[in-house]
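Q: Given next are the chains, with one letter for each unit.
Protein chains: 2
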Amino acid sequence: MSFEPVAGFRFGAVSAGIRKDGRIDVALAVADQPAVVAGMFTRNVVRAAPVDIAMQRVRSGRARAVVANSGCANACTGEAGWKATLDTTRAVAESIGASEDEVLPASTGVIGAVLPAHRIIERVPELSARLSPTGYLDFAQAICTTDRWPKLAQRKLGAGATLLGIGKGAGMIHPDVGPPHATMLVFLFTDAVIDAGEASDALAASCDVTFNACSVDGDTSTNDTVLLLSSGASQRRVSRDELSAGLTEVCGELARSMVADGEGSTHVAEIRVRGLATRDGARAVARTVATSMLVKTALFGKDANWGRLLAAAGRAGVPFDPREAQILVGGIPIVRDGAPVGAEAELKANEVLARDTYVIELVLGGGPGDFAYLTSDLGHGYVDVNAGYRS
Amino acid sequence: MSFEPVAGFRFGAVSAGIRKDGRIDVALAVADQPAVVAGMFTRNVVRAAPVDIAMQRVRSGRARAVVANSGCANACTGEAGWKATLDTTRAVAESIGASEDEVLPASTGVIGAVLPAHRIIERVPELSARLSPTGYLDFAQAICTTDRWPKLAQRKLGAGATLLGIGKGAGMIHPDVGPPHATMLVFLFTDAVIDAGEASDALAASCDVTFNACSVDGDTSTNDTVLLLSSGASQRRVSRDELSAGLTEVCGELARSMVADGEGSTHVAEIRVRGLATRDGARAVARTVATSMLVKTALFGKDANWGRLLAAAGRAGVPFDPREAQILVGGIPIVRDGAPVGAEAELKANEVLARDTYVIELVLGGGPGDFAYLTSDLGHGYVDVNAGYRS
Numbered sequence: 000m001s002f003e004p005v006a007g008f009r010f011g012a013v014s015a016g017i018r019k020d021g022r023i024d025v026a027l028a029v030a031d032q033p034a035v036v037a038g039m040f041t042r043n044v045v046r047a048a049p050v051d052i053a054m055q056r057v058r059s060g061r062a063r064a065v066v067a068n069s070g071c072a073n074a075c076t077g078e079a080g081w082k083a084t085l086d087t088t089r090a091v092a093e094s095i096g097a098s099e100d101e102v103l104p105a106s107t108g109v110i111g112a113v114l115p116a117h118r119i120i121e122r123v124p125e126l127s128a129r130l131s132p133t134g135y136l137d138f139a140q141a142i143c144t145t146d147r148w149p150k151l152a153q154r155k156l157g158a159g160a161t162l163l164g165i166g167k168g169a170g171m172i173h174p175d176v177g178p179p180h181a182t183m184l185v186f187l188f189t190d191a192v193i194d195a196g197e198a199s200d201a202l203a204a205s206c207d208v209t210f211n212a213c214s215v216d217g218d219t220s221t222n223d224t225v226l227l228l229s230s231g232a233s234q235r236r237v238s239r240d241e242l243s244a245g246l247t248e249v250c251g252e253l254a255r256s257m258v259a260d261g262e263g264s265t266h267v268a269e270i271r272v273r274g275l276a277t278r279d280g281a282r283a284v285a286r287t288v289a290t291s292m293l294v295k296t297a298l299f300g301k302d303a304n305w306g307r308l309l310a311a312a313g314r315a316g317v318p319f320d321p322r323e324a325q326i327l328v329g330g331i332p333i334v335r336d337g338a339p340v341g342a343e344a345e346l347k348a349n350e351v352l353a354r355d356t357y358v359i360e361l362v363l364g365g366g367p368g369d370f371a372y373l374t375s376d377l378g379h380g381y382v383d384v385n386a387g388y389r390s
Numbered sequence: 000m001s002f003e004p005v006a007g008f009r010f011g012a013v014s015a016g017i018r019k020d021g022r023i024d025v026a027l028a029v030a031d032q033p034a035v036v037a038g039m040f041t042r043n044v045v046r047a048a049p050v051d052i053a054m055q056r057v058r059s060g061r062a063r064a065v066v067a068n069s070g071c072a073n074a075c076t077g078e079a080g081w082k083a084t085l086d087t088t089r090a091v092a093e094s095i096g097a098s099e100d101e102v103l104p105a106s107t108g109v110i111g112a113v114l115p116a117h118r119i120i121e122r123v124p125e126l127s128a129r130l131s132p133t134g135y136l137d138f139a140q141a142i143c144t145t146d147r148w149p150k151l152a153q154r155k156l157g158a159g160a161t162l163l164g165i166g167k168g169a170g171m172i173h174p175d176v177g178p179p180h181a182t183m184l185v186f187l188f189t190d191a192v193i194d195a196g197e198a199s200d201a202l203a204a205s206c207d208v209t210f211n212a213c214s215v216d217g218d219t220s221t222n223d224t225v226l227l228l229s230s231g232a233s234q235r236r237v238s239r240d241e242l243s244a245g246l247t248e249v250c251g252e253l254a255r256s257m258v259a260d261g262e263g264s265t266h267v268a269e270i271r272v273r274g275l276a277t278r279d280g281a282r283a284v285a286r287t288v289a290t291s292m293l294v295k296t297a298l299f300g301k302d303a304n305w306g307r308l309l310a311a312a313g314r315a316g317v318p319f320d321p322r323e324a325q326i327l328v329g330g331i332p333i334v335r336d337g338a339p340v341g342a343e344a345e346l347k348a349n350e351v352l353a354r355d356t357y358v359i360e361l362v363l364g365g366g367p368g369d370f371a372y373l374t375s376d377l378g379h380g381y382v383d384v385n386a387g388y389r390s
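So the sequences go chain by chain: A and B.
Mapped onto numbering that gives the first Met the number 0, the consecutive letters of the first sequence carry residue numbers 0 to 390.
Mapped onto numbering that gives the first Met the number 0, the consecutive letters of the second sequence carry residue numbers 0 to 390.
Check each hint, because a few of them may be wrong.
Said to hold, decoys possible - What the simulated footprint calls covered on chain A by chain B, stretch by stretch (three residues with Cβ under 8 Å from a Cβ of chain B suffice, anywhere in the stretch; the number is not a length): (1) 40-50; (2) 67-77; (3) 219-225; (4) 305-317; (5) 373-382.
Unchecked claim - Heads up, simulated PhoX-like pairs for lysine-lysine below, C-alpha to C-alpha not over 25 Å straight-line: (6) B:301 / A:19; (7) B:19 / B:82; (8) A:301 / A:347; (9) A:82 / A:19; (10) B:19 / A:301; (11) B:347 / B:301.
Rather than coming from a laboratory, the hints here were simulated on the basis of the structure.
Glycine included, C-beta positions come from ideal geometry on N, C-alpha and C.
Bound-form chain A, shown alone (with noise of 0.2 Å):
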């Protein structure tokens, strides 16, 4: 993967010692001029102070800066917490002399322990000095906490602009963020013309399809924030399509990089439910499916097990007529007219099982509603960092 400076950015990182193992673990991207921005955040009504405070800045469309850190959260810390974070923005801010509330501060990591803010602050002049525009690499490290790999992504938005996507996320994914509302933290940047509003439009309808429509292990995070800033420092002015398709190829891709390095995930699932009558019950069968322990302990097993996929799909609370029921996996049909089609049929889909990424297919009626979701599978390796993540 090679990727692009994005004109009117720049990142870098450092490490401030917040991680116990010495790795980078503070990242900080720098918008030579106020850039437009919009956010998106949690649901969860348990929040980390930085995801209050981005919140709050993220209110006024301008940004001049992101820090983030990994191995702390920062939620539940109280007054501590909320504190930790306006000093650590605030020393941000008057390094690259901007005002305190164009810094939007994102953490990811353990909950509970409050933000050492000083090991950052000791640590700003020489983030400021590594700043440049080629700093994005370093930036995606710093942020990881379990990832297996940094997540990145670049797509160009028509002729002359373009936009970067850096993310982290491998544990407590299942992003549920809305307008000013994951551990997944997104970062997007982008070089094109674009206004507040539009940014903040095309980012809900791309969080919607991509990172909302994902899964590693159902669990909504405190902390989970999307960010996108544009320098409009190309000074192409795209279109608000050319926005969106970016925006949900952008988003696309490292949702898929999510899951594909979801604790202990051996596959990518993608489950495609469509014939139900609206686009929402196909989103919940999809979601029921996508994060039903019996179905992704099956995909770990590589075991095309119908049964398990049609009773996760009748427990969503949508009706649909079973009796109607096709199961396409990698494209073979292994149940028609909710009975199975076969062993033959249920080995070839074996197979398809055994790729690291396939799509199963539900189709419960003859309806418009359809859904895609990601899924990865359940196996040893996720109880494996999952029981012992704190020790």
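Chain A is fixed; fit chain B onto it per the hints.
A: Below, chain B without anything else, positioned relative to chain A:
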């Protein structure tokens, strides 16, 4: 454990070769005279043939027999499955001198295979010959699938009447049964004098706080069935309160036994949520915490990971102020006013989590809404059982 006969009922079981391992797999309970009956069935829209047939028949409020098998759920089997269940119940009816509509079927096992009715029908004469007032242990054994132990519970209903409950269930356990709506199978037998309406109301209320308040894997089955049969043979009329109390105790004991026997389960946790505005809100939060994969893996790891508890509570869609949240593990406060009490408290809580069973309380405000949910932990055993279930 020792159990007493219930006047007016006889029980028996045989092996009909439905299970591959040759264990007893067909169970029969017969009332000497037509019994009062009430039933609760899965609300999954994908329902097995025996569920649909039992739902129809239970409406009369009268039944003579229950015939249940393990090894085959007879779900998603279309017309052939429907006919197989009808043929089976007809053979039983002829054998005991009842009408076909008085025989209630129930099945559990693999989804998608048609019940081999001929094997059961061949063994019906032997099954009828084996019926005895003390045959309930055989009955309980015959309906087990991945269960490690048979599940029975008994209570006196006032003076002179008794209630015996027989259940099975270890996986696909997240019952959601309603009045004419896992695979949990539960059969309740009493010799008390009760009427059908009373039985139905009391059963619905008891299921709501027992089976519908427990989860192993969050997956609601196509076959969940709860049947209450009353012979009246004790000639003791019990009050509605006596019946409800007895049912709730017996159903509660069976629900706890199912969760303890949950596939791969090593602990039973009772998640008590208090202080919300409504009971429905408390139920939603308790269910979300009890089915969270991150919570369940933390319980497997014996880790008092309150951040996961609070994050799960926060994504249930129920408003509360996290700054007021208290969390107690086995009575030990680990979160007060939304912040951690400290490392010492958490170490003590970790000791509680090493026990077989314990209570976790989340106090989320000062409101009257409370609800308790039983859940198991998620460890390697669960993955082992479910990644290879069909093979």
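Q: Please flag the earlier hints that this structure goes against, numbers listed from lowest up.
A: Hint check: nothing fails, all pass.
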